[in-house]
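> If you want the building blocks of each chain, they are given just below.
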Amino acid sequence: MGLLTNLKDSISRAASTLFSEEDPKRIGIYGPPNAGKTTLANRIARDWTGDAVGPESHVPHETRRARRKENVEIERDGKKVTIDIVDTPGVTTKVDYTEFLEHDMEKDDAVRRSREATEGVAEAMHWLREDVDGVIYVLDSATDPFTQVNTMLIGIIESQDLPVLILANKIDLEESSVQRIRNAYPQHETIPLSALEGDNMDEVYDKIAEYFG
Amino acid sequence: MPHQCTDCGRGFDDGSKEMLSGCPNCGGNKFQYQPEGADISETPDAEPPEPPGPDSSVARTVGKTAASVRDFVSGSGTDGNRPGGRSHPDTDRSADSQPSDPSHTPDSPSTEPERTSTTEDSAQASARGDIVEPDELPSDVPSASESEHQFRPVGADPDPPEDPDREDRPDLEELRAELNDQFESIKVLEPGQYELNLMELYDREEYIIALQEDGHYSIQVPETIRSE
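As given, the protein sequences belong to chains A and B, one line each in that order.
Under the UniProt record's numbering, the first residue of the first sequence carries the number 1, and numbering increases by one thereafter.
Under the UniProt record's numbering, the first residue of the second sequence carries the number 1, and numbering increases by one thereafter.
Simulated from the structure, these hints should not be mistaken for laboratory data.
Take the hints with a grain of salt, since some may be wrong.
What the hints assert, rightly or not - So the derived list for chain A, only partly shown, Cβ under 8 Å to chain B, looks like this:
#1 V95
#2 D96
#3 Y97
#4 S114
#5 V121
#6 R129
#7 V149
#8 I156
#9 L162
To be verified - No more than 27 Å apart at the CA atoms, straight line, and that leaves these computed lysine-lysine pairs for BS3-like:
#10 A:K94 - A:K107
#11 A:K25 - A:K207
#12 A:K25 - A:K79
#13 A:K94 - B:K187
#14 A:K80 - A:K25
#15 A:K79 - A:K207
#16 A:K107 - B:K30
#17 A:K80 - A:K207
#18 B:K17 - A:K94
Stated by the list, open to error - Pair by pair, the computed Cβ-Cβ distance ranges are:
#19 B:P35 - A:D108: 50 to 58 Å
#20 B:L20 - A:M105: 14 to 22 Å
#21 B:G27 - A:N200: 43 to 51 Å
#22 B:P35 - A:G198: 18 to 26 Å
#23 A:G198 - B:I219: 37 to 45 Å
#24 A:G198 - B:S21: 43 to 51 Å
#25 A:R129 - B:E190: 25 to 33 Å
What you are looking at is a predicted structure, and each value in this text was computed from that prediction instead of being measured.
Using N, Cα and C, we set each Cβ at its ideal position, and we do this for glycine too.
Chain A on its own, in the form it takes in the complex (with noise of 0.2 Å):
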């Protein structure tokens, strides 16, 4: 199904970019698991489309294969810009079925969710290597940036000279510090927003625009 799926976007893909005069470039949404990936894809998308990418929750790994949102039409100033969005899995080095069973899951919906969001996790680390033209790296601001996973990939995104906006979400909570994030990558501009609740996606917005556009 999920192949079925990639297959008929890759298609349609192709098909849209022999029309269009310029490609869209494709943005993929990154960051660790429950950092608020897909409600900012969402976000973006209803903003800008009125559709949704994909579900979201609170569980992590709900999100388990790429999901696209393609030809986003993004206005700033006068000017528009198109991007794909490409919402991915959440990046993590384990993941353990048993993790899932807390949040009232069967033993066999959580083995397949967690063999699931492996998959994930190895096609969202392709992607990086060769489908997308720029990155959003989502960090839930609530929680240590300093990490393996995020040190690893913003290293990655930086060795292959990608535009990087770095959005520090989930500003709405009370243990939000943005300022730590700030200090952790002070190589990159770092936006304070919060996905749930729509702050500061206007700022999000112009960045959108000025790094990818």
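Use these hints to put chain B onto chain A, whose structure you have.
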């Protein structure tokens, strides 16, 4: 105090053993190394204003780590003790010339009173220079022959090989297991439990599109191979 807990900001002397089992204050296990002469508590005006919170010292130290790493990588921080990063070259230089002074850090009094092990430097010097006396060793150390047995090289066969044909086989199997540990991109601990080697997943040309319970992967063959 060259080491500092990144969670609570507690300082530790060079060579302090307290850090080995986590910070005694908060249990944190991340420490930042502060070279000699570096000012552990940065002056508050060196950072953009941020509401003071329990994590602000963590934020500062993380930022300083990142800045020092960046300076080191770019080759500009050859002196190794430039806490402020690129944005404040002047204050950095003045920090270099000043020894670490408690009166210089009025905003974080908590780091100084907690200094517990003032004799660490001499202990460290002794650990580096002196040879341990036999009676200082723990009494339950295994005998010489036992420890020899424990630390034999990986390739050595514990039992004398009775069958000469089998002589090399254990080595190969061990080696294979070790290589799998190091290079496998997805390690299946058991169905539903996986360890991922992100660099390996990123580096490989083909990508894994389906995992099976028996440990097999389905992979997508790169177009370059398919066309041949």
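> Should the hint that S114 (chain A) touches chain B count as held when the rule is a Cβ pair under 8 Å?
holds, 4 Å
> Can you verify the interface hint for Y97 (chain A): is its Cβ closer than 8 Å to any Cβ in chain B?
Holds: closest Cβ of chain B sits about 3 Å from Y97 (chain A), inside 8 Å.
> Regarding the hint that I156 (chain A) lies at the interface with chain B, is the smallest CB-CB distance below 8 Å?
holds, 6 Å
> Taking 27 Å as the top limit, are the C-alpha atoms of K80 (chain A) and K207 (chain A) close enough?
holds, 13 Å
> Can you verify the interface hint for V149 (chain A): is its Cβ closer than 8 Å to any Cβ in chain B?
holds, 7 Å
> Given L162 (chain A) was flagged as interface, is its beta-carbon under 8 Å from a beta-carbon of chain B?
violated, 13 Å
> Hey, K25 (chain A) versus K207 (chain A), does the alpha-carbon distance stay inside 27 Å?
At roughly 14 Å apart (the allowed maximum being 27 Å), K207 (chain A) and K25 (chain A) satisfy the hint.
> Taking 27 Å as the top limit, are the C-alpha atoms of K107 (chain A) and K30 (chain B) close enough?
Given pair K107 (chain A), K30 (chain B) is violated - Cα atoms ~35 Å apart, limit 27 Å.
> Compare the distance between the alpha carbons of K94 (chain A) and K107 (chain A) with 27 Å, and conclude whether the hinted pair is satisfied.
holds, 18 Å
> Does the structure keep K25 (chain A) and K79 (chain A) at a Cα separation of 27 Å or less?
holds, 15 Å
> Taking 25 to 33 Å as the stated bounds, is the beta-carbon spacing between R129 (chain A) and E190 (chain B) within them?
holds, 29 Å
> Could you check the hint for me, namely that L20 (chain B) and M105 (chain A) are 14 to 22 Å apart, CB to CB?
Given a distance of about 39 Å, which is not inside 14 to 22 Å, the answer is violated.
The structure does not agree with the numbered hints 9, 16, 18, 20, 21, 22 stated previously, though it agrees with the rest.
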